[in-house]
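Positions in the sequence shown are counted from 1; adding 362 to them yields my numbering.
Think of the hints as simulated: they come from the structure by calculation, not from any bench.
The reader is advised that the hints may include incorrect statements.
Taking lysine to any residue pairs in the SDA-like style, the calculated list, with each CA pair at most 25 angstroms apart, reads [stated by the list, open to error]:
| hint | residue 1 | residue 2 |
| --- | --- | --- |
| 1 | 455 | 554 |
| 2 | 455 | 412 |
| 3 | 571 | 512 |
| 4 | 571 | 586 |
| 5 | 455 | 413 |
Per label pair, the in silico range of CB-to-CB distance [to be verified]:
| hint | residue 1 | residue 2 | range |
| --- | --- | --- | --- |
| 6 | 586 | 675 | 21 to 31 angstroms |
| 7 | 439 | 604 | 37 to 47 angstroms |
| 8 | 673 | 416 | 40 to 50 angstroms |
For every residue, glycine included, the Cβ atom is placed at its ideal position computed from N, Cα and C.
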Amino acid sequence: MPIKPDAPWNVDRRTALAMVAGAGLMPALLRAAPPQDVWPLWSTPPGGGGPAGPVAIDGRGAVSNIAVPTITVVRPHRPTGAAILIAGGGGYKRIEEGKEAIPAASWLAAYGITAFILCYRLPGEGWADGPLAPLQDAQRALRLIRSRSGSLGIDPERVGVLGFSAGGHLLGLAATRSNFPSYAPMDVIDRQSARPNVAALIYPVVTLKPPYDHTSTRRVLIGAHPGAAVSADWSVETHVRAACPPIFLVQAEDDPISDPHNALILRDACERARIPVELHRLPSGRHGVGMGVAGTPSAQWPQWLESWLAAHRFSAANADHGGKR
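Make the full structure from the sequences, and use the hints.
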């Protein structure tokens, strides 16, 4: 069973901003996170397999060699009752925690939202379930959060997701395929819903179909020459239905990795299904900007996300803003 946390990793707004500004220090912060706030998702991950040895963390805080998938809890000083699961990108070859997930968690905690950083299994690291492994972890993480919502003061109807790049693909699938049985139920945790109430996807990989299938996400998940049916099945837009949650999208017009059409494809699918969707198209920014780069258009998107989250009851007047808006 997952371990039980007993001490919070509290983050206020000033600390959050400092952490975002000091992204070069993220590897140290990753190692310094209190271990009691790290929850294993499984007693044994489904399917078996996986890498040996400890987690690898490179100089910018990107994580790989993940034998034990986890979520790390980042709690605000004054929680609003909302929670968001975060997945960094990295083309399913690594997870960009230092550049994306940790700054995002700090930012959310500063706004009173309990953040959960998902350290998901990477399909190329020997897992028997291959491309299903990260989706299994995302679904399990959402169920685990809800199973402990009472002890954390979280409203189970205000649990969202925030994904970057390949992490946006993963959590896009979690949002659109919440009823898909990616693994057989293991315990009472799996009685909980895996449907997020909102989904924010930042420069996400959405489609794995030609002509936008040049990404590492496609190569790692489904190989160099997948058939049309496989490509469609692993494309987020294929699974958009009326029961999907509201979706927030950000993408730059000059993104060389996730073609800008990715966001347009998902927006159009949402509109056809009458799913509330908000798309912000940046004139520039390329890819992998995390929470934005000061002095560029990408610096604006967190403000747009804050407003969107507030409209969906994911913030409150007592959040940690230092008295200012």
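Holds or violated: residue 455 to residue 554, with C-alpha atoms at most 25 angstroms apart: violated, 29 angstroms
Satisfaction of hint between residue 512 and residue 571, Cα-Cα up to 25 angstroms: violated, 41 angstroms
Pair hint residue 455 and residue 413, alpha-carbon separation not exceeding 25 angstroms: Satisfied, since the Cα-Cα distance of roughly 13 angstroms is no more than 25 angstroms.
Holds or violated: residue 455 to residue 412, with C-alpha atoms at most 25 angstroms apart: holds, 13 angstroms
Hint consistency between residue 571 and residue 586 [alpha-carbon to alpha-carbon, up to 25 angstroms]: Within the cut-off at roughly 12 angstroms; holds.
Cβ distance range 40 to 50 angstroms for residue 673 and residue 416, holds or violated: holds, 42 angstroms
Range hint compliance [Cβ, residue 586 to residue 675, 21 to 31 angstroms]: Violated - the Cβ-Cβ distance for residue 586 and residue 675, about 44 angstroms, lies outside 21 to 31 angstroms.
37 to 47 angstroms as the expected CB spacing between residue 604 and residue 439, which holds or is violated: Between residue 439 and residue 604, where Cβ atoms are some 38 angstroms apart, the hint holds.
Hints 1, 3, 6 from the list above are not met by this structure, while the remaining hints are.
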